[in-house]
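Once you've looked at the hints, dock chains B, C and D against the given chain A.
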Amino acid sequence: MAVSQFFSKLIPTDLFAGLRVTGGYFLRKKETVQFPEQRREPTERFRGLFSYDVDRCIDCHLCARACPINIIFIRDHAEYEEIDGKKKKKLVVDRYDIDVKRCMFCGLCEEACPTHPKSVWLTTKTYEGANYERNEELYFTKERLMSWDGIKAFPGVVSPAQGQEPGNLAGTKTGGGEAA
Amino acid sequence: MMGGPLEPLFDVEEMELSFGPQHPSTHGVLRVMLKLDGEKIMDAKPIIGYLHRGTEKLFETEPFPQCIPHTDRLDYVAAATNNQGFVVTMEKLLGITIPPRAAYIRMILAELGRISSHLVWLATHAIDLGAITPFFYNFREREEILDLFEAYCGARLTLNTMRVGGVPFELPDGWVDQCSDFIDRFPKHVDEYEQLLTGNRIWKRRTIGIGVISAEEAIEMGLTGPPLRGSGVKWDIRKVFPYDHYDEIDFEIPVGSNGDTYDRYLVRMQEMRQSARIIRQCLDRLPEGPVMAKVPKVLRSPEGMVYASVEGPKGELGYFIVATPKGTTPYRCHVRPPSFINLQALPEMVQGLLVADLVAVIGTLDIVLGEIDR
Amino acid sequence: MQAPLIQFIVIPIVKIVVILAVVLLVVAYLTFAERKILAYMQVRLGPNRVGPKGWLQPIADGLKLFAKEDLIPAKAEKAVFMLAPAMIMVPALLAFSVIPFAPATDLFGLLPKAMPPYVTDINIALLFVLGISSIGVFGIILGGWSSNNKFSMMGGLRSAAQMVSYEVPMGFAIIAVLLMARSLSLVKIVEAQQAAHLWFFIPGILALGIYFICGVAETNRNPFDLPEAESELVAGFHTEYSGMKFAFFFLAEYTNMLVVSSLATIMFFGGWLQPFPNVAWLSFLGVIPPVIWFAVKVACFIFVYMWFRGTFPRYRFDQLMQVGWKWLIPLSLANLVIVGVGVLLVKG
Amino acid sequence: MTDEKNTPKPEDQAAAPAQPEAKPPWLDKPVTPEHADAMDDPDVAALAAGVEGAVLSADAFAGELTITIDPAKLVDACRFLKKERGFKFLVDMTAVDWPEREEGRFDVIYWMHRFDDSRRIRLRIVAGEEQSVPTVTGVWKTSNWMEREVYDMFGIVFDGHPNLERILLWEGFNGHPLRKDFPVEGIDTGAAVQPDVYPEGGGPLTEEEGGA
Chain A
0 MAVSQFFSKL IPTDLFAGLR VTGGYFLRKK ETVQFPEQRR EPTERFRGLF
50 SYDVDRCIDC HLCARACPIN IIFIRDHAEY EEIDGKKKKK LVVDRYDIDV
100 KRCMFCGLCE EACPTHPKSV WLTTKTYEGA NYERNEELYF TKERLMSWDG
150 IKAFPGVVSP AQGQEPGNLA GTKTGGGEAA
Chain B
0 MMGGPLEPLF DVEEMELSFG PQHPSTHGVL RVMLKLDGEK IMDAKPIIGY
50 LHRGTEKLFE TEPFPQCIPH TDRLDYVAAA TNNQGFVVTM EKLLGITIPP
100 RAAYIRMILA ELGRISSHLV WLATHAIDLG AITPFFYNFR EREEILDLFE
150 AYCGARLTLN TMRVGGVPFE LPDGWVDQCS DFIDRFPKHV DEYEQLLTGN
200 RIWKRRTIGI GVISAEEAIE MGLTGPPLRG SGVKWDIRKV FPYDHYDEID
250 FEIPVGSNGD TYDRYLVRMQ EMRQSARIIR QCLDRLPEGP VMAKVPKVLR
300 SPEGMVYASV EGPKGELGYF IVATPKGTTP YRCHVRPPSF INLQALPEMV
350 QGLLVADLVA VIGTLDIVLG EIDR
Chain C
0 MQAPLIQFIV IPIVKIVVIL AVVLLVVAYL TFAERKILAY MQVRLGPNRV
50 GPKGWLQPIA DGLKLFAKED LIPAKAEKAV FMLAPAMIMV PALLAFSVIP
100 FAPATDLFGL LPKAMPPYVT DINIALLFVL GISSIGVFGI ILGGWSSNNK
150 FSMMGGLRSA AQMVSYEVPM GFAIIAVLLM ARSLSLVKIV EAQQAAHLWF
200 FIPGILALGI YFICGVAETN RNPFDLPEAE SELVAGFHTE YSGMKFAFFF
250 LAEYTNMLVV SSLATIMFFG GWLQPFPNVA WLSFLGVIPP VIWFAVKVAC
300 FIFVYMWFRG TFPRYRFDQL MQVGWKWLIP LSLANLVIVG VGVLLVKG
Chain D
0 MTDEKNTPKP EDQAAAPAQP EAKPPWLDKP VTPEHADAMD DPDVAALAAG
50 VEGAVLSADA FAGELTITID PAKLVDACRF LKKERGFKFL VDMTAVDWPE
100 REEGRFDVIY WMHRFDDSRR IRLRIVAGEE QSVPTVTGVW KTSNWMEREV
150 YDMFGIVFDG HPNLERILLW EGFNGHPLRK DFPVEGIDTG AAVQPDVYPE
200 GGGPLTEEEG GA
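The listed protein sequences correspond, in order, to chains A, B, C and D. With the first letter of the first sequence counted as 1, position 15 gets the number 14 in numbering that gives the first Met the number 0; the numbers rise by one all the way through. With the first letter of the second sequence counted as 1, position 290 gets the number 289 in numbering that gives the first Met the number 0; the numbers rise by one all the way through. With the first letter of the third sequence counted as 1, position 295 gets the number 294 in numbering that gives the first Met the number 0; the numbers rise by one all the way through. With the first letter of the fourth sequence counted as 1, position 24 gets the number 23 in numbering that gives the first Met the number 0; the numbers rise by one all the way through.
Quick caveat, the hints were computed from the structure, so don't treat them as lab data. Among the hints, erroneous ones may be present.
[Unchecked claim] Taking lysine-lysine and the DSBU-like style, the derived pairs with C-alpha atoms no more than 30 Å apart in a straight line are:
{"#": "1", "chain 1": "D", "residue 1": "K87", "chain 2": "B", "residue 2": "K325"}
{"#": "2", "chain 1": "C", "residue 1": "K149", "chain 2": "B", "residue 2": "K34"}
{"#": "3", "chain 1": "B", "residue 1": "K39", "chain 2": "C", "residue 2": "K149"}
{"#": "4", "chain 1": "A", "residue 1": "K141", "chain 2": "B", "residue 2": "K296"}
{"#": "5", "chain 1": "D", "residue 1": "K87", "chain 2": "B", "residue 2": "K233"}
{"#": "6", "chain 1": "B", "residue 1": "K325", "chain 2": "D", "residue 2": "K81"}
{"#": "7", "chain 1": "B", "residue 1": "K203", "chain 2": "A", "residue 2": "K8"}
{"#": "8", "chain 1": "A", "residue 1": "K141", "chain 2": "A", "residue 2": "K151"}
{"#": "9", "chain 1": "D", "residue 1": "K140", "chain 2": "D", "residue 2": "K179"}
{"#": "10", "chain 1": "D", "residue 1": "K87", "chain 2": "B", "residue 2": "K44"}
{"#": "11", "chain 1": "C", "residue 1": "K325", "chain 2": "A", "residue 2": "K8"}
{"#": "12", "chain 1": "A", "residue 1": "K28", "chain 2": "C", "residue 2": "K35"}
{"#": "13", "chain 1": "B", "residue 1": "K203", "chain 2": "C", "residue 2": "K149"}
{"#": "14", "chain 1": "D", "residue 1": "K140", "chain 2": "D", "residue 2": "K82"}
{"#": "15", "chain 1": "D", "residue 1": "K82", "chain 2": "B", "residue 2": "K233"}
{"#": "16", "chain 1": "D", "residue 1": "K72", "chain 2": "D", "residue 2": "K179"}
{"#": "17", "chain 1": "B", "residue 1": "K233", "chain 2": "D", "residue 2": "K140"}
[Said to hold, decoys possible] Distance windows between CB atoms, simulated:
{"#": "18", "chain 1": "B", "residue 1": "K203", "chain 2": "C", "residue 2": "Q6", "range": "56 to 66 Å"}
{"#": "19", "chain 1": "A", "residue 1": "R19", "chain 2": "C", "residue 2": "I12", "range": "42 to 52 Å"}
{"#": "20", "chain 1": "A", "residue 1": "K28", "chain 2": "C", "residue 2": "I291", "range": "48 to 58 Å"}
{"#": "21", "chain 1": "B", "residue 1": "S179", "chain 2": "D", "residue 2": "K22", "range": "26 to 36 Å"}
{"#": "22", "chain 1": "A", "residue 1": "T31", "chain 2": "C", "residue 2": "A333", "range": "21 to 31 Å"}
{"#": "23", "chain 1": "C", "residue 1": "F302", "chain 2": "B", "residue 2": "K203", "range": "24 to 34 Å"}
{"#": "24", "chain 1": "D", "residue 1": "K22", "chain 2": "A", "residue 2": "E43", "range": "57 to 67 Å"}
{"#": "25", "chain 1": "C", "residue 1": "F302", "chain 2": "A", "residue 2": "E43", "range": "39 to 49 Å"}
{"#": "26", "chain 1": "D", "residue 1": "A45", "chain 2": "B", "residue 2": "D172", "range": "56 to 66 Å"}
{"#": "27", "chain 1": "A", "residue 1": "R19", "chain 2": "C", "residue 2": "V21", "range": "29 to 39 Å"}
[As the list claims (entries may be wrong)] Listing some non-contacts, in silico: residues in chain B with all C-beta distances to chain C over 10 Å:
{"#": "28", "residue": "D172"}
{"#": "29", "residue": "D180"}
{"#": "30", "residue": "S213"}
{"#": "31", "residue": "Q280"}
{"#": "32", "residue": "R284"}
{"#": "33", "residue": "T327"}
{"#": "34", "residue": "Y330"}
Please read all numbers here as calculations on a predicted model, not as lab measurements. Note that beta-carbon positions come from the ideal geometry of N, C-alpha and C, so glycine has one too.
Excised from the complex, chain A in its bound form (with noise of 0.2 Å):
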């Protein structure tokens, strides 16, 4: 037994297993992906830049209410119009703008906004963010976030003045808290 363990000691079979494996991968296909060239893209809810749409607003704060660091600011003044004679109240947004640097990510303004499709977004695919200037360049105000000046997109994504369109989402109607 001793002189089994001695030789087992002497010839390191356990240190071959590791080798195997390493020496293994040396040939394998490799995972790396040449990022400026090569881009996975994302999927459809992933989380990105924002996107608005003003004409589908209906400016009633919900996402800068959801914002759990309040980096959305709505200014908006209302508007009457006559409409078959009669009056009519219409809000119009003065500023929408929202504070990119501090923001998380986290999509809840997308999820409380109400309008059918979302009038703000963030399936936008686009991630590269990185600014040499982040107070103004990562300050984005209404007519920013409708024409994505500076803003460099992902590949095949347009801005949402030249009609980009929320990502469906799929499967957030069946929610029971929505159907109530």
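Just chains B, C and D now, with coordinates in the frame of chain A:
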């Protein structure tokens, strides 16, 4: 060190060494003040708080649903269990029963989170002990888990993927197949890690008998999770106080016997396999139905205090919520961070070991500073 | 009249310059090779951005290190701090003066008569290499001490103990080769293998194992890389070094690897000899120049070095000592006895 | 509610309605848990008998038992629960600040766990602002850091604690952040960054004290 205590031949001076907060193997911003005799650790004093963000104070200002993104940032390598802990506590406070499908989705996400947390642990633990390659294999698998998270909720790390009353989304098309494909392959990958490490004589010598803590001592120090199970206490919140639908799932609690670093390593390796088993069962039995319970639009709490805990990858992760009548925010929300309490045992575990063992013990406690400092 | 001048000054200087340049270039590319090999074992691609397929990476690294600010800690022992990188680099390079990487050659008829390409062959070359390479440890110790950093200090101390422990079994393993070759001259050792039609790794398999393990330990490589264990001692003895000084430490490690691998090739794998010289259908192997054979064998050893690094965890300090004193020294002594008896029986 | 106290159940079942209806519980209205007196619980009764005058009240809520204890009897009660009733495991402790409350500003709360039947109870003591609380580090070692955290965050002093220092914040931090009167947006903490500008032992003065 070998041998008994010898009288020093000449005057010895203790050396103070500030280990961290910027150090490759303190897993964040932990700082340990060491008193050394040569390389032997005479005393270790962890200094924490470099990552303190006042999360508990923040909870007091946030409406209940908006606390959930903040919980992501506690144990950021396993955000799903953090979410789960909070929503389970809230549901207990509000008396909500969640639909079974939601519970199963939650369990799948939590177990995926547990696997990814253990993968990060193994990667860093191995690197601490000098084996650099498992890191990349582990992160390859972790990447697949993060892909699954991304496909489900759109985020990879800070998931924000559970809500009071269920989960926010239905599973996307093809997700179940993608997940079950991964789960089928995963145990083979674990075999690979084990081939690299488990039998390796160097790995064994670096871990066996290092940082031993007995079962009584572990309970006395309040250890939970793998450090407690490594000492041989068969205790797992998923079995003891089953939340969601863990009581319907068949799985085992791996336990160690010696309470040393190697046992804790084995326990975590087994836990990964068990988690894969849980996910497999959940995927097979995934019930149909809604994913959200009927909850009021604005959550208003009854007066009282509740505590509920989940088995996080690091140990018992508990949330304690004090609620005021008709309150919309927690009056006080306290987190029981497993790493914080596990770290407390560090000085006792490293007493008399060498500096090289300190990194092994820090690694085996599997701490996350985001959770310790909150 | 010029003959002695040419013979004793010009030719050696040319040789030295060429060898130095080649060694430094090889060492620079060893860093690249290490990164690539590790990457390939770790399912990634490694450096591939600088130049075609990343082949200019070592040059870029060198330029970067040249351009870096050279920091000297305020409380460092300045003179020693400056000296230490040289003290480790010089012995490492000096060892190459006696390493015979190819037999005497006339460079395909370019030279009037065959000339050895290596700098010199001294009759105690093996001893010389061992002696020189153990000076290198002073660089590590002094570098660690003079930085006035606790982590560096511990790295230096570890290195000292490690060197002392592993020189002994290494020496014993080499004595086994001496018994077989009956010479300390590296050229004679190769010639002895040629004459015996037997490379020494077959009778000296144990000696090879011991020698290589000790070589890994001597060069502070994984799994014995304690002096610079980055997860324990940040970067060990070179924590405080930057710029070219750091590069010296870095390159010296690879140079030492090269020395150890070259010695292993010479002592156990027949140096520049081609394998199977007497097998008729393999005679085409003779076309390949000897220096290539040498390079291939050395490369295999280097690959094993990197394979180890990619696979194994690191020993702890006291365990390293245990392996050295409790296993390697007794084994190497036993091996000495076995080889001695064998030599006695075979050669009478 | 009494049947729930002895065997803690998963909250799903604990909160389920008594009679199953046609509607599954997740589509029904949530069943808010209610408070109930729990003085007749065996552990409470044992504690009341074992440590004279320790138990002030006991409350059951959402399947959890909260025992309010006389602060003076805290250590005795804890030791009794650990030794006699098998609560070997201190799960956690924390404090709650009620600045307006008359009987004392702070609740200090302890959870403990018994492994034999997986039973958890919660002790609560009420402490005034200037009142110190006896330490339980002699009973459970693990309470060391927990008490330090409570001291750090609430400023509650634990008598007899071996090493009562701040743990998450640095020595010299001015204030105790989890008190309700501490501003959420925080205070200027220049004290740590510029020790030469701000005196040791105190951060910048708050507004009432004459600071900016």
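We went through each hint and held it up to the structure:
no. : hint                           : in the structure
1   : D:K87 with B:K325              : violated, 36 Å
2   : C:K149 with B:K34              : holds, 12 Å
3   : B:K39 with C:K149              : holds, 14 Å
4   : A:K141 with B:K296             : holds, 28 Å
5   : D:K87 with B:K233              : holds, 15 Å
6   : B:K325 with D:K81              : violated, 36 Å
7   : B:K203 with A:K8               : holds, 13 Å
8   : A:K141 with A:K151             : holds, 18 Å
9   : D:K140 with D:K179             : holds, 29 Å
10  : D:K87 with B:K44               : holds, 25 Å
11  : C:K325 with A:K8               : holds, 12 Å
12  : A:K28 with C:K35               : holds, 14 Å
13  : B:K203 with C:K149             : holds, 28 Å
14  : D:K140 with D:K82              : holds, 14 Å
15  : D:K82 with B:K233              : holds, 21 Å
16  : D:K72 with D:K179              : holds, 27 Å
17  : B:K233 with D:K140             : holds, 21 Å
18  : B:K203 with C:Q6: 56 to 66 Å   : holds, 59 Å
19  : A:R19 with C:I12: 42 to 52 Å   : holds, 48 Å
20  : A:K28 with C:I291: 48 to 58 Å  : violated, 31 Å
21  : B:S179 with D:K22: 26 to 36 Å  : holds, 32 Å
22  : A:T31 with C:A333: 21 to 31 Å  : violated, 47 Å
23  : C:F302 with B:K203: 24 to 34 Å : holds, 26 Å
24  : D:K22 with A:E43: 57 to 67 Å   : violated, 33 Å
25  : C:F302 with A:E43: 39 to 49 Å  : holds, 45 Å
26  : D:A45 with B:D172: 56 to 66 Å  : holds, 57 Å
27  : A:R19 with C:V21: 29 to 39 Å   : holds, 34 Å
28  : D172                           : holds, 29 Å
29  : D180                           : holds, 19 Å
30  : S213                           : holds, 23 Å
31  : Q280                           : holds, 30 Å
32  : R284                           : holds, 34 Å
33  : T327                           : holds, 47 Å
34  : Y330                           : holds, 44 Å
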